[in-house]
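Chemist: Sequence:
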Amino acid sequence: MSKKKEKPTPKLKTFSKPEMWRIEWEDHASSNSGWVPIDEIQPIPIVVVSAGFKVAENETRIVLATNVGQLNTPHNAADFTSIIKSCIVNQRKLK
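Residue numbers (numbering that gives the first Met the number 0): 0 to 94.
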């Protein structure tokens, strides 16, 4: 059995004053439609829109949180989504 070395996960940079962002990104698609002839399968990705406070980021991911603590306690966040950067279609900072 080979001992493959795992790549270390890039450390996330966190933000002391998170800003609101709107990100459109492609998500994997799956189906519950039952049996379908293989030649009729259409692998169409789903484009998802997420909005929230950008609380962390590294080379490969952005983390949005729906909720953050008061501005004097920015290290508390809840309900977060980690988005793979290579899946991002569009993004913009909200005012």
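Each hint should be verified, as a subset may be incorrect.
[What the hints assert, rightly or not] BS3-like cross-link-like pairs, simulated, lysine-lysine; straight-line CA separation at most 25 Å: (1) Lys-53 to Lys-12; (2) Lys-84 to Lys-12; (3) Lys-53 to Lys-84; (4) Lys-10 to Lys-84; (5) Lys-53 to Lys-92; (6) Lys-94 to Lys-16; (7) Lys-6 to Lys-94.
Calculated directly from the structure, the hints in this document are not laboratory data.
Bear in mind that the values here come from a model prediction, so they are computed numbers and not experimental data.
Chemist: It remains to establish, for every hint, whether it holds in the given structure.
Modeler: Hint check results:
Restraint check for Lys-53 and Lys-12: satisfied, since their Cα atoms lie roughly 10 Å apart, inside the 25 Å limit. With a C-alpha separation of about 14 Å, the suggested pairing of Lys-84 with Lys-12 holds against the 25 Å cut-off. Simply put, Lys-53 and Lys-84 have alpha-carbon atoms about 13 Å apart, close enough for the 25 Å limit, and the pair holds. The straight-line distance between the Cα atoms of Lys-10 and Lys-84 is roughly 15 Å, inside the 25 Å bound, and the hint therefore holds.
The suggested pairing of Lys-53 with Lys-92 holds, with an alpha-carbon distance near 9 Å, which does not exceed 25 Å. A distance of roughly 14 Å separates the Cα atoms of Lys-94 and Lys-16; the hinted pair therefore holds under the 25 Å criterion. The suggested pairing of Lys-6 with Lys-94 is violated, with an alpha-carbon distance near 37 Å, which exceeds 25 Å.
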